[in-house]
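With the hints in hand, could you dock these two chains into one complex?
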Amino acid sequence: QQQVKQSPQSLIVQKGGISIINCAYENTAFDYFPWYQQFPGKGPALLIAIRPDVSEKKEGRFTISFNKSAKQFSLHIMDSQPGDSATYFCAAGDYAGGTSYGKLTFGQGTILTVHP
Amino acid sequence: GAVVSQHPSWVICKSGTSVKIECRSLDFQATTMFWYRQFPKQSLMLMATSNEGSKATYEQGVEKDKFLINHASLTLSTLTVTSAHPEDSSFYICSARDRWTSGSPLLQYFGAGTRLSVL
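Chains A and B, in that order, give the protein sequences. For the first sequence, counting from 1, position 17 maps to 17 in my numbering; every step adds exactly one. For the second sequence, counting from 1, position 93 maps to 93 in my numbering; every step adds exactly one.
FYI, nobody ran anything at the bench for these hints, they're computed from the structure. Warning: the hint list may mix true and false statements.
Pairs of lysine-lysine residues, derived as DSBU-like cross-links and limited to a Cα-Cα distance of at most 30 Å, are as follows [claimed, not checked]: (1) Lys41(B) - Lys58(A); (2) Lys14(B) - Lys64(B); (3) Lys103(A) - Lys41(B); (4) Lys42(A) - Lys66(B); (5) Lys15(A) - Lys41(B); (6) Lys5(A) - Lys14(B); (7) Lys41(B) - Lys64(B); (8) Lys103(A) - Lys14(B); (9) Lys68(A) - Lys103(A); (10) Lys5(A) - Lys41(B); (11) Lys57(A) - Lys42(A); (12) Lys66(B) - Lys103(A); (13) Lys20(B) - Lys64(B); (14) Lys41(B) - Lys57(A); (15) Lys41(B) - Lys20(B); (16) Lys64(B) - Lys58(A); (17) Lys64(B) - Lys71(A); (18) Lys14(B) - Lys42(A); (19) Lys20(B) - Lys5(A); (20) Lys71(A) - Lys41(B); (21) Lys64(B) - Lys103(A); (22) Lys41(B) - Lys42(A); (23) Lys55(B) - Lys42(A).
Isolated chain B, as found in the complex (with noise of 0.2 Å):
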């Protein structure tokens, strides 16, 4: 099946940095990228959706200066918390999409998700 690698899985950072986590399809071309925020026992939520060289598209109440997100290959998306602080300590997970040969277009494979820890 096809695999979605997320880096890294756990990162503790100080106050007032910058964090960059790592979305990468190993076996298959990525045409959308999703990027999820997730808080303890509660659902998933969409923070953006990007094309493979576009600019992303930010969900409502999403800060686009503060979670910055590239696409520019078909395997590889990241996600960048600028100037990140304690409240952006959560549960961040990427989910990639093949449009043109998966089975279905919106079949959706997860990496395994990035715990950020903000000091």
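With the rest of the complex left out, here is chain A (with noise of 0.2 Å):
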């Protein structure tokens, strides 16, 4: 109940298309859905959160898609660069109850590959 499916395991794009890479939970607790992009040799950096009070965030050419009712949630890239080339992990986290503990749990990641 604790996993996060993501999918697909690698995308290959052309320059200028679209990259979506999608994610699916089971844990209705879960309320807090951070996107993580990650190069090579180097740790995760977060790229865009989004809580379920909302289907839809947008930052610049990143945005996130939320389903509340079907427990997925997805990262829409537009305008692919191949700068954006790097593996890509979704997670999601609850409160926790308040406690200190609020654990993210991660999707398996989606290596991205954005031919120039």
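In structure tokens form, the structure reads like this:
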């Protein structure tokens, strides 16, 4: 029930195209959904995050779409660029009833390659 | 933005020795720190969670005597891999969270990671 399933495992997009990565979760207690970008040999960096009270959040070329009833959320990268080539992780967490131990559960990751 | 500094970025050691990895929050107080392990082309696996001044909480299957975690101050946590063996070779990443002043109590900032190679 704690799993977050991410797809696809890898994605190849042409420059200027739209990259779409999907995640699904089971735990209805999850109420925080961030996306992280990781370059080889580096730690993950937060891209964008959403709470369940909105269905979409946009920051620059990155958009999160959230479907609470389907327990799914996705990342859309518009006008994809070669510099976007990286591994993307979705994650989910809950406020753990106010305790300090609110952990994030990560998806399996998607390797995105944007061809010039 | 919040910065988490992790050192060293890469360490090579002989089998049987111990290695210490430091994780510092540079511009905020980290009430909670997390340590992850990541194998090539795989996701992040949470090893343990620590609150400042408290003992770390280890995830199931993680040997607490092998992976010693200390979170003695609000800006520093250390992970010591004791008696390291080749199977401990991996990418270790810390993250830090400031429960009280960040935009979300779940917002985590990650260090750049430490690549450990045990010969």
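Cross-check of the supplied hints:
A C-alpha spacing of about 28 Å is found between Lys41(B) and Lys58(A), which places the hinted pair at or below 30 Å, so the restraint holds. For the proposed pair Lys14(B) and Lys64(B), the alpha carbon gap of about 21 Å is at most 30 Å, so the pair holds. Between Lys103(A) and Lys41(B) the alpha-carbon distance is near 22 Å, which keeps this suggested pair within the 30 Å criterion. A distance of roughly 24 Å separates the Cα atoms of Lys42(A) and Lys66(B); the hinted pair therefore holds under the 30 Å criterion.
Between Lys15(A) and Lys41(B) the CA atoms are separated by roughly 23 Å; this keeps the pair inside 30 Å, and the hint holds. For the given pair, Lys5(A) sits about 37 Å from Lys14(B) by alpha-carbon distance, which is inconsistent with the 30 Å threshold. Taking the CA atoms of Lys41(B) and Lys64(B), the gap is near 25 Å; set against the 30 Å cutoff, the hint holds. For the proposed pair Lys103(A) and Lys14(B), the alpha carbon gap of about 33 Å is over 30 Å, so the pair is violated.
Distance check on the hinted pair: Lys68(A) and Lys103(A) sit about 20 Å apart at the alpha-carbon level, within 30 Å; holds. Only pairs whose Cα atoms come within 30 Å are accepted, and Lys5(A) paired with Lys41(B) is accepted, the gap being roughly 16 Å. Only pairs whose Cα atoms come within 30 Å are accepted, and Lys57(A) paired with Lys42(A) is accepted, the gap being roughly 26 Å. Distance check on the hinted pair: Lys66(B) and Lys103(A) sit about 22 Å apart at the alpha-carbon level, within 30 Å; holds.
Only pairs whose Cα atoms come within 30 Å are accepted, and Lys20(B) paired with Lys64(B) is accepted, the gap being roughly 14 Å. For the suggested pair Lys41(B) and Lys57(A), the alpha carbons sit about 28 Å apart, so the restraint of at most 30 Å is met. The suggested pairing of Lys41(B) with Lys20(B) holds, with an alpha-carbon distance near 24 Å, which does not exceed 30 Å. A threshold of 30 Å between alpha carbons decides the hint, and for Lys64(B) with Lys58(A) the separation of about 41 Å lies outside it, so the pair is violated.
At roughly 35 Å between alpha-carbon atoms, Lys64(B) and Lys71(A) are farther apart than 30 Å, so this suggested pair is violated. Between Lys14(B) and Lys42(A) the CA atoms are separated by roughly 24 Å; this keeps the pair inside 30 Å, and the hint holds. Using a Cα cut-off of 30 Å, the hinted pair Lys20(B) and Lys5(A) is violated, with the two alpha carbons roughly 33 Å apart. Distance restraint check for Lys71(A) and Lys41(B): the Cα-Cα separation of roughly 26 Å lies within the 30 Å cut-off, and the hinted pair is therefore satisfied.
The straight-line distance between the Cα atoms of Lys64(B) and Lys103(A) is roughly 19 Å, inside the 30 Å bound, and the hint therefore holds. For the suggested pair Lys41(B) and Lys42(A), the alpha carbons sit about 13 Å apart, so the restraint of at most 30 Å is met. A C-alpha spacing of about 28 Å is found between Lys55(B) and Lys42(A), which places the hinted pair at or below 30 Å, so the restraint holds.
Hint compliance for this structure: hints 6, 8, 16, 17, 19 are broken, all remaining hints hold.
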